[in-house]
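Asker: Protein chains in written order, with the working numbering: chain A, 1 to 75; chain B, 1001 to 1450.
Hints listed in this document are in silico derivations from the structure and should not be mistaken for laboratory results. Small disclaimer: the values here were computed from a predicted structure and weren't measured. Errors might be hidden in some of the hints.
[Unchecked claim] So the derived label-pair ranges between C-beta atoms look like this:
1) Lys36/A <-> Met1323/B: 57 to 63 Å
2) Leu64/A <-> Ile1270/B: 31 to 37 Å
3) Lys36/A <-> Phe1134/B: 35 to 41 Å
4) Glu49/A <-> Asp1146/B: 39 to 45 Å
5) Asp21/A <-> Ile1237/B: 55 to 61 Å
6) Ser1298/B <-> Lys36/A: 34 to 40 Å
7) Ser39/A <-> Leu1309/B: 48 to 54 Å
8) Arg1226/B <-> Lys50/A: 23 to 29 Å
9) Glu1265/B <-> Leu64/A: 53 to 59 Å
10) Arg1042/B <-> Glu46/A: 36 to 42 Å
11) Glu1076/B <-> Lys50/A: 50 to 56 Å
We treat Cβ as the ideally placed atom computed from N, Cα and C, and that holds for glycine.
Listed here are the chains, written in short residue letters.
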Amino acid sequence: MKFEEAMEKLQKITQELEGEDLPLEEALQKFEEGMKLVSFCERKLEEAEKKIQVLIREENTLKLKDWKEEKEDEC
Amino acid sequence: MQPHIYTVNEVTTYIKNCLEEDEKLQDVWVKGEISNFKSPSRHLYFSLKDEESLLSCIMFQDKASGLKFTLENGLEVIARGNIGVYKPQGKYQLYVEEIFPVGRGYLYLAFEQLKKELGKKGYFRPEHKLPLPFLPQRIGVVTSPDGAAIRDILTVLDRRFPNLEIILSPCRVQGEEAAGEIAQAIRNLNEYGKVDVIIVGRGGGSLEDLFPFNERIVADAIYESRIPIISAVGHEIDVTISDFVADERAPTPSAAAERVVPKKEDLIEILESYRKKLSHFITAYLHSLRLTLKNIRSSSSLKQPYFKLRDLKQELDELRRRMSSCLIHRSQLEKNKLFSLAHALRQSSPKKRIDLKGEELGREKKRLVDVMVESLRKKKEKILFCKERMRSLSPLSILKRGYSICFSYPEGKLIKRSEQLKKGDRIKVKLYKGSVYSRVYQIQEEEVEV
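Next comes chain A alone, as it looks inside the complex (with noise of 0.2 Å):
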């Protein structure tokens, strides 16, 4: 699932517990899942870890290297 879309979940999930007569065990149902839903956008958040790569061609395959490592090579 992509963030955005569990940001869309969360909102309608919130819509409806607000708007409508849920029973009870449905409400603790989208409760939970309401719950579950913040920490995995919270997580995605933490997902990604900072790194800064380049993308060239040798000999015709496509390679990643380390931006600062080639930095350091050229000095």
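Please arrange chain B on chain A, whose structure you already have, making use of the hints.
Answerer: Quick look at chain B alone, frame taken from chain A:
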């Protein structure tokens, strides 16, 4: 003295040699206005003229294919080439190597012409534009690794979202080779495929510096990209073909970086507000349910369940009464029908008919009996159903739903209040199936709130 008579070819060849051996004419720059432009094959034929003179020109396909703009009549140009003679027509002409619109105008002209052409081809259509992702996992950047643009982009991205993956697809961003390299860098990222969005751009510069972003090859690469592209070339005022073709345009590389990722703190704040909303809601909801439960517990119908049972009994009696009166009425009707049939039968004289009628009577009779039996069976069923419903309302069925009854043991007195017992008393708890014998170990006088 006889004059020497030359052939046409001799004269023409002589002239050709004169012209083509003149170094001055072999690399000449000529300025003029284009007229008589035509292109019957892939070679271009036209004339250059000024107020007084006209010069025929030809540009062969191999030279013409590199043109960055289209020739048209009336256009002021500078052409470079060599003068030669085309013997079959006795015509001297300029064999054009290169041609430029006068002054810097050619950059604008090339820009306008390409813009018009690509516009016609549908390169700028909104329906072709891809939406930028809300939160890209990986961002591709097509620019020079040494330029100001990459520094600006990295700074902004780092500020807005410190843990992002960035993939630089390096290329030169000015000079002759730049356009090809930019296009290739875009294609490389598409081939690599794992980026969610691409920023293509460079910092500010002169019109010539920015020109690679006005070239068709770059426009094609952007148009063909399956990954959304945001174009960010130069400063706010600079507009390039890339900006038109790209899925979105940003005025500067920094602005592109801002457009590409949301602020991380903003997202965290939104999530926090959702978390609060959800918790707040569920607390309030449970509270209201508890209140409802309390109200139900103190309502009269729960305290006196037999009221309901009494009503049902009365209803059943009423039903039974209505049913039997209905039955009597029905059989009376059937009897009457039988009498009139018998009468009619007696009235009909011919023997055959009598027999026939007799048979018919037999069938009628049987049907009548069947109907009666069936109707009685249905009524019986209905009564049974009512009985069954009654039974389901008996206290025994309440036990089936999980309630239980407590008796003192061995006296067998029904226990309704805790004061009836004391610590150590033995009790018998009757359940839906079976009973449990136990001993009281604690008495609590007051009812405890659930």
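Asker: Work down the list of hints and note, for each, if the structure agrees.
Answerer: Hints, verified against the model:
Evaluation of the 57 to 63 Å hint for Lys36/A and Met1323/B yields a pass: the beta carbon distance comes to about 58 Å. At about 33 Å, the beta-carbon gap between Leu64/A and Ile1270/B stays in the expected band of 31 to 37 Å. The hinted window of 35 to 41 Å between Lys36/A and Phe1134/B is violated, with their beta carbons roughly 20 Å apart. Between Glu49/A and Asp1146/B the Cβ separation comes to about 25 Å, which falls outside the hinted range of 39 to 45 Å.
Asp21/A and Ile1237/B have their C-beta atoms about 57 Å apart, which keeps the hinted 55 to 61 Å range intact. Taken as a hint, the range 34 to 40 Å holds for the pair Ser1298/B and Lys36/A, whose Cβ atoms sit roughly 38 Å apart. For Ser39/A paired with Leu1309/B, a C-beta distance near 52 Å keeps the hint of 48 to 54 Å intact. Between Arg1226/B and Lys50/A the beta carbon distance is about 26 Å. The supplied range of 23 to 29 Å therefore holds.
Restraint check, Glu1265/B to Leu64/A: a C-beta distance of roughly 30 Å breaks the suggested window 53 to 59 Å. Between Arg1042/B and Glu46/A the beta carbon distance is about 59 Å. The supplied range of 36 to 42 Å is therefore violated. Checked against the hint of 50 to 56 Å, the C-beta distance between Glu1076/B and Lys50/A comes to roughly 54 Å, which is consistent with it.
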